[in-house]
Each structure stands twice: as C-alpha cells, then as structure tokens.
Amino acid sequence: MRSIRRQMALTVSGVGGVAVLAGGLSLFLALRLALRTQFDDVLRRKAEILASASAIDNGELEIDPDVQTFAGFGTSSPGDYFEIFAPDGTVLDRSPSLGTSSLKEVGISSHLQEGVTNSLLPGGLDVRAYWRYFTPSDDEEDRFADLKLVVASDRARLKRLLSPIATTIALVGGGGIVVILALLRIVVGRGLRPLDQLGAEVQQIHVERLSGRLATDDLPVELRGMAGKLNELLERLEATFARERRFTSHAAHELRTPLAELKAMTELGAAWPEEFTPEHVSEMLLVISELEALIEKLSLLARAEAGTPGPVETILLEETVGDCLARQKREILSRNLVVDCQIEPGEFASDPVLWRAIIHNLINNAVSYAPEQSTIEIRARPRFFSVSNEAPGLTSDDLDKLFERFWRKEPQPHGGHGGQHSGLGLSIVRASADFLGGRCEASLESGRLAITIDFRE
Amino acid sequence: MRLLLVEDSKRLRHSLTRALARLGHAIDEAPDGNEGDLFVRENRYDAIVLDLMLPGRSGLEWLEQWRSSGVDTPVIILTALGAVEDRVRGFALGADDYLTKPFAIEELAARLEAIARRVRGQAKSRILIGDLEIDLAARSVKRSGTPLTLTAREFSLLECLARHPGRVYSREQIEAHLYNESDSPLSNAVDAAVYSLRKKLSPGGAPPVIHTRRGLGYVIEAP
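Protein chains in written order, with our numbering: chain A, 1 to 457; chain B, 458 to 680.
In isolation and in its complexed conformation, chain B is listed as follows (with noise of 0.2 Å):
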C-alpha cells in the first residue's frame, strides 16, 4: 500500500516506516502538517496515518480541512488520548480509525489492511483467482495449495494487481504503488519486480496468472 504517515516524534515516525516499509509498504513521512498537507495534495495514498497532538494546527483540524477539500483518503488517527469524546470527535470528522499510543505496529498494519479492504469493498482478507490463494491479513500466498515464499515488495506487487482482477494497471500505477517520494527506482525496476512475481507464482511450470498488455500494463487472471 501507498501510505502517509503524519507523526511529530521523530523516533515513532522513523521506526513506524521502517517497519512499515519492511511488511511491503510504501511509506512517506511528514513531521508536520503542513509538510503532510503538501503530500495529500501531491499523491493518491492507501491509506493516511495522522497524529493528532501536531506542533501549530492538530491532527483533527487537517483532517478536517482534507476531508472538506475533497480528500477522501481512509486516516487513521494516532492519540495519546483515550477519551470516547476525542474518538466521537475524531470519527465525526472523518476518521476511518483510532489507535491509541502506545500501540503495536502489527495492530496499525492489521487495521490498514483492514481500512484498505473496506475500501475496496472486501470484506475477508483472502483473495482467490483460479488456484492462486492470497492472504492479505497473513501475508502469504499459496498455488494449488503450495505455499510460495514473497518478498515483502513482491507481495505488495500481487496485493496491487490482485485488489481487481483483471484490471489492467500501468507501470506507473505500479510504481506509484510500490514506492514512496524518496525512492529513486530504476525505469526497469517494475518490469523487474514483475518478472521476478510471475516466476515465483508459477512454481514447476504451472500457467502464469500475471499477464502483460502491450503498451498498457501489467493484469492478473485466473489461466
């Protein structure tokens, strides 16, 4: 997933995107408001994690200003307050989620997940096409039964493609995807990870399910 996360400590902010970008995502980070309204307005996220307690204008109030501008991109909110009223708040204004510090970085990347699957109208975590088995919640893939082993940015490709089957995505779809702001991929890399996917799906010759289209992009389908 493409993320943004909005966070003013600089340790959370830095441990929360590494582990992040170690389950796969693509993360941008922002030590502010401002700096994350520039992102929002720039970029298409998955999914938007936003502090609430920001140095000048709060969480709730830059929520308040995207959701009214348009963005309705799902946000979590991270607080250190608990309170139902913050919550009521926070939800009245927009907020898809609440996760309260401290919280576990697993917590925040089921509850993406689960944000993103709302989003896209799923409601279980598993995908199936053809004999292909994608979790989303665990993370793992299985072909005819046969568990396949993914790196985190291999499984992100497949959770890009597999979130409609077949649609055609272009590469910079793709790319979008799979990379943040910071990250300088090769003009190949996509092709790369495609090719790489493709293989690690069809394990001992078995009909491939990522398919190219010429001069469009890259789709997945049952063979």
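Here chain A stands alone, though its shape is the one from the complex (with noise of 0.2 Å):
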C-alpha cells in the first residue's frame, strides 16, 4: 500500500543523503586539493633552493651538503629525494635517500621546462615528483646547461595526512545523515500530523451519523479547501439520506397501511362471516380502489421520471384548466372557495398526458389544501402555467421537500380523502415538467404558496 509518509521520507531522505555524501566528497576534494598543491610548493620551492645552491667546482656540479640537510634531504629525511641529470641523462648528483633506486624516468616531457607528477619507481617507491630544467648560474663554460632537477617526495606521507580527514569526513558524514533521518521521521511525521488527524475524523465518519462534520479551524491551509469540500460533501449527503429515509418512510406508510387495513377487513370477515356486511365489502373495494390510485400515480411518476416519450398532442389549454376546475366544482362550492382564473387561449403541441397531469395535481392541490373562503389563483397561457393559494402553516423551510415523493406537512389519516392525497401530486407535477423540458418552481410569500410550470426558456 502506497504510504505518503514512507514516500516523502525516502524521497527526502534520499535526497538528504546524496546531498550530505556530496558535501562530504566535496570538503574532501577541496582539502585533498589544497594539501596536493601545498605539497607541490614545497617540492618547488626545494628545487628552487637545490637549484640555486648548485655550483660548479673544479668542473663537477656540486651542492652544499648544508643546503641539503637544510632542504629536507639529509640523512633524517628518508622520505625526501632528488636526482640531477645531464642532458644526455647522466646523473650529476642525487640524495642519498635515494639508495638504489632512481628518478630517472620522471619528468619525460620535453616541451615543457617543469612539471609535477606522480610515479611509481622501479625500487617501489611511490612518490610526487616536481621536475625541471636549470642551469647553474656559475657555468661559464656552459658545460651544464638545460640539467634535469627532479625533486620526490613520498606520497605516502601525503596519504597519510588525507587518511584521517577522509575518515572523519566519512564519520561526521554518516552520523550527520543518521541525524537527518531522525529529524525527517519527526519533521515529516509533525507535518503530516494534520493530515493524520484528518484521515482518523473521516474514518470515524458513518453513513448513520452524518451530522458531523470535520473541524477546519486548526487545519493547515493546504487542507482546509479539502475539508471544506468534504463538510459541503458531507452535507449534500445527508441531506439526500434523509430525503430518501422520509421517502422511504413515507412510501411504506402509504402502501402498507392501506394493505393492512385489507388484510384485518378480509381476516375480520374470515374469522366471522357475519361481519361481511355490504358496507364492509364496498369499504374493502373502497381500499381496492385507493390501492389502484396509488399505483397508477406511481407509475405515471415512474414514466415522467423515466422519460419515456408518449404522443405529441395539441393542448388546449382553456379547455383542459376548465375540466379540472370542473371535475374539482363540488369541492370548490362546498369549502365556498373563489377562483380566480385567468387564461390566455392558445394551443401548443405537448405530451397530453402529463400536461393533464400539471394541471389536475396543481389545481386539486390548491382546492385540498387552501383554507376555507380563499382564493385560489389560475394563470394559463400557453407554456406557462401558475397556480397559487393561501398555504396557513406552510414555511420557507418546507419548500425543498414540497416536491419529494409521498413527503407532506403532516401525515394524513387513511381513508379520509379517498387516497387523493398520497404526497405524490407535486413530485409527478416537478418530473412531468422536468421532462416536457419546463421549469417547476414554488414560492411562498406572504403566507400564500404559487406553483409555477414555465416553459418559455
């Protein structure tokens, strides 16, 4: 499993350690630099000295033994040589600490007047040698022009002066790299910290408890943006289950009460023929009947949310407001309701069905629900349809869930409205609209809710 933790540290500390074994090999190569180059001056300067201590005596070359010893390549100084060469390769002086071995082969170059090199000799001598060509400033006769000076030292002496830099390079290296590691572990973990925290809140987070949201105070702001979306997340859902748990409640309501209300009919008469009276069998049809209703308004909500396309028909819209009104007169005298209906005529080509749909459920919502000697209020053109009333009790909280499914202010008692109203009238209005391509939209303002369908857009 891809842990970002594990991931940061090992790129860090990846990069962390590279850059400290650079560092280390740097400080090392400078050093090794300046020691070599250090070494090399004093190689020069003692064949600066050898040089211009050389004399020529009753014709031989010949330099001062105290200049020598005092040059470092006395009998004490083991490590240090030098050797002088004719230009025909003859030997003209050398140091003692030479012994059998030889500087002969050092310095072939011979376009070049000096030169620093390193050499392994034929005796196994490892050294850094400075070479160049001179001649003694005492030569009159100009016997001993263009000699050879070569002047050794053992590197070993060298090495031995990097071996403990190197080493402790190497130490404060790999502590210093041990030390980053526990600080990256630290640093990363307190830096990851947040994230943690995070991960542990939204895993503590349940499909039944989603009221909790994450707390973005303390967070740093490359997380706050997440955990805001997450909060919003958070909300939406919620929202949505308990939309679908009042649906869910609601919906059982409506059909099992009704098939309860059966079944203890149909048990009753079982159990005690005499109970079978003609008022309880039209009773148990009346159940019948509401059960039909129901399934019929959902599969009409079915259809609209489906979308499944019916015929294209010329609505009439005077004509078909004035059947619902019609079919809603009882009602209407009987609660002294005013109607206030204006229509602009005109037709326009639309599914029948669900036009119908609008307007009954739209129109016989308002006779249901407007209070007693209210007005309710009809505006009709064509593709444009509005329907309001009074609505006592109604508030601005309830116009989300006016729409959803079987959802209403109040349960209502079975069997009072005929099964009328189920609480599928305003959902099959808002998925009959959604589908024709119309805009469903309630308001309420003082105290009166409008319904509007409008297809203009």
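Take the hints with a grain of salt, since some may be wrong.
Some chain B residues judged to face chain A by a derived CB distance under 10 Å, without partners named [unchecked claim]:
hint : residue
1    : Leu469
2    : Leu473
3    : Ala476
4    : Asp508
5    : Glu542
6    : Arg544
7    : Lys558
8    : Leu565
9    : Val576
10   : Val625
Because the hints were derived from the structure by calculation, they are not lab data. Idealized CB from N, CA, C, for every residue including glycine.
With the hints as a guide, bring the two chains together.
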C-alpha cells in the first residue's frame, strides 16, 4: 500500500543522504587539492633551493651538503629525494636517500620546462615528483646547461595526511545522515499529523451519523480547502440520506397501511362471516380503488422520471383547465373557495397525459389545502401555468421538500380523502415538467404558495 | 384484556376493534395521540396498541411522554417501517413489542397475550387451578380433561380471575376488564356473567371453582 509518509521520508532521506555524501566528498576533494598544492609548493621550493645552491666546482656540479640538509634531503629525511641529470641522462648528483632507486623516468616531457607528476619508481617507491630544467649560475663554460632536476617526496606522507581527514568526513557524514533521517522522521511526522487527524476524522464518519463535520479551524491552509469540500459533500449526503429516509418512511406508510387495512378487514370477515356486511365489502373495494389510484400515480411518476416519451398532441389550455376545475367543482363550492382564473387562450403541442397530470394535480392540491373561503389564483397561457393559494402552516423550509415523493406537511389519516393525497401529486408535477423541458418552481410569499410551470426558456 | 388502540386509519382501527372484541377483549379506540392520551390518563389498560405515524405528534413521541409520566402499561407499536433503527429507537423509548404492517390479527392477539403473560410473570400460557386447565394462547378450557365451551366474554372473565388465583376481584375491577368506555353494562351484568361462567365450569355437578366473597367480590380457587 502506498504511504505518503514513507514516500516523503524515502525521497527526502535519499536527497538528504546524497547531499551529505556530495558535501563530504566535495570537502574531501577540496582539502586534498589544498594539501596537494601545498605539497607541490614544498617540492617546488626545495627544487629552487637546490637549483640556486648548485655550483660548478673544479668542473663538477656540486651542491652544498648543508643546503641539502636544510632543504630536507639529509639522512634524517628518508622520504625526500632529488636527482640531477645531464641532458644526456648522466646523473650529476642525487640525494643519498634514493639508495638504489632512480628518478630518471620522472618528467619525460621535452616540451615543458617544469611539471609535477606521480610516479612509481622501479624500487617500488610511490612518489610525487617535481621536475624542472635549469642551468647553474656559474657555469661559465656552458657545460652544464639544461640540467634536469627532479625533486620527489614519498606520497605516503600525503596519504597519511588525507586518511584521517577522509575518516573524519565519513564519520561526520554518516552520523549526519543518521541525524538527518531521525529529524526527517520527526519533521515529516509532525508535518503530516494534520493529515493523519483529518484521515482519522474521516474514518469516523458513518453512514448513519452524517451530522458531524470535519473541524477546519486548526487545519493548515493546504488541507482547509479539501476539508471544506468534504464538509460540503457531507452536507449534501446528509440531505440526500434524510430525503431518502423520508421517502422510504412515507412510501412504506402509504403502501403498507392500505394493505394492513385490507388484510384486517378480510381476516375479520373470514373469521366471523357475519362481519361481511355490504358496507364492509364496499369499504374493502374502496381500499382497493385507493391502492389502484396510488399505483397509477406511481406508474405515471415512474414514466415521467424515466423520460418515456408519449404521443404529442395539441394542448387546448382553456379546455384542459376548465375540465380540471369542473371535476373539483363540488369541493370548491362546499368549501366556499373563490377561483380567480385568467387564461390567455392558445394552443401548443405537448404530451397530453403529462400536461393533464400537471394541471390536475396543481388545481387539486390548491383546492384541497386552501383554507375555506380563500382565493385560488390560476394564471395560464401557452407554455406557462401557475397556481397559487393561501398555505397557512407552510414555511420556507418546507419548499425544498414540497416536491419529494410522499412528502406531506403532516401525515394524513387514511381513508379520509379517498386516497387522493398520497403526497405524490407535486412530485408528479415536477417530474412531468422536467421531462417536458419546463421549469417547475415553488415560492412562498405573504403566506401564499405559488407553483409555476414555465416552458418559455 | 382491557386494551387501548391508537390508530389513525379508521378502517384498520375499526377492523381490529371488532376482531379483538370478538376475541373477548374490551377495547377503547382513539384516532390520534391526543384522544389516546385522554384514555391513558383516565383508565388502566392491560396493553396499548399504538400506531407509529399519527397525525401531529408521532406514536413514539406519545410513548416517550407516557413513559416519562410513569405510565408502565405494555405497548405494542404498529408501524409501516421495518427498519432496525426505528425498532431500536422504539424499544429504547419503552415499547414492549413491534408489529410491522400488514400483520395478521391472530398475530396481534398472540403478541398481546404474550405481553400480558410477561407482565404477570407467567412464562407459560397454561394455567392450572385444581382440575381446571386454562390455555390462554389457544383460548380453551378443560375441566378434568373435558373441554368446555365458553363465550369470548366468559373466557375474558375467567382470564381476569385466573391471573391471580386466590385474589379477590371486585365487581368494578371485573367490569373495567370486561367492558370498554363505550359499553354501558347493566348493573348486574358482572353477576350474571359470573353466574353463567360458574355454571359452565362445573359440568355434571363438579365442585365450583369460582367463589363469592360477600361484600368484596369474586375469587377463583381450587375446589
């Protein structure tokens, strides 16, 4: 499994380790260069001393032994050597420390006047040597021109200086890497702690307890946006789950209660046949009719939600509204309702079943829920329909739930309205309007609920 | 048993009331919680059958109120919701049983019987008083192994007395058990019912098991 912590630790540790190694190596190389330069300078100075101290005496090249000792070629300095060659390769002088070895092979480079090089001598000596050509100052007869002077020192000396430096750098570097790794672990751990806390909080979220929200105040800015979005998502999920729970609850109530009624009525008649009176049987038939109506509504809703296209016919708005009002006439009269209906005549093509469902449900709803002696306003023109009525008790919070399937402000007693108000009417209206490409909106102003279906956009 | 049924569906309420009355129970019915609450305050019931989704306050809200005010009558919740969390919430608030709609009347009657037994502390549905054997679940009675036929009201009377053999029940207590709020029994209805039951429980001149305690009431005891 991928781990951000591990990945960050490995990456940063790798980079840190390479940086420490590179630093250590650079330091070592710089020190080695400095030591070698110093080493070479010493060789060069010794060569200068030897060259300047060389003299021709009785036709022979000689160097004062004291100068030799001063320059470090005495018997007490076994690691330092020099040798002077005539242009024909004849050895003119040499340090006693050379023993049987020779520096003849060093500095074979005819086009250069001087140079420094490492050399492994035939006797097994590993030296760093400086060579140069010179002519003694008192060579009046010009017999000793272009002599080659080679000055060398044992490289082991240089190595002895570099070795503890390399060891120290390696130890410090290694320790540094360990310390860096430990620090990185702490720093990465602390840096990722808010992410861990956020992860733990997210893990505690349960589908049955969506009311909790992630704490964002103490989060670093990098995580605040994500936590905020998660909170928004939780809010939407909570609302969706609450809506689904309400739907399940209401659907179960609407479907199971009539079934329970029918079952109880049937069992009563079956156990005591004298209970099967004509009134009892007609009541049973009424329950069945209500269930049929409910199934029809569900079927219509399913059709509208599924978007199954129906036949397109010319809708005569005035006729359709008039027909729906006529069906509600008895209820309108018995409740002394006033219907203010303004229709701009016109016709348009649409699905007649869904349009009738929209108009019928909106008018039926208004007639059923408007208080007695109040006014229902109907405004209709081609591709526009609106119904408004007084809605005491309805609040703006209810508007979001108004179109939910089976939602009602209060559970209605069963058998009281002939099953007309199952809470499906407005959900059918919205689903039908959506399917037909219209917009269905509800608003509540001054205690009046207005539901508008608009197809003009 | 004396029962209260709180159910908003008129048809369901009516059918259950008729069926349970025919089974010998005395039932008061209420269409909502407000009316049910009035009944609960005025009467002592053996059990309450309470619908969950009532107009206004829900059945659970009424149950919570009753329990907090000290009403310990067993309650069976009727609900269209079968979700576990709803049941758990109901039990947490003090419901004794749950029945999901649609249900069989027989099952409701059996659950009411079981609840009543539980309240009485009787694990079994059979009560033995001497050679009198009463099966509350099967609603049958035998005397010395011979089956006896009782009406629903006679069985309900026997059930009332047999709950606590040896305990004297007053006429008022018996009347409250046998009749609901809307019944208007005659003043001697209890005496007549006891007379009829006593006669049926002593076939062939068997010694009586129901005895009269003058001025106090009636008691059932082994002969």
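Against the structure, the hints come out as follows:
| no. | hint | in the structure |
| --- | --- | --- |
| 1 | Leu469 | holds (5 Å) |
| 2 | Leu473 | holds (6 Å) |
| 3 | Ala476 | holds (5 Å) |
| 4 | Asp508 | holds (9 Å) |
| 5 | Glu542 | holds (7 Å) |
| 6 | Arg544 | violated (13 Å) |
| 7 | Lys558 | holds (4 Å) |
| 8 | Leu565 | holds (9 Å) |
| 9 | Val576 | violated (25 Å) |
| 10 | Val625 | violated (34 Å) |
The structure does not agree with the numbered hints 6, 9 and 10 stated previously, though it agrees with the rest.
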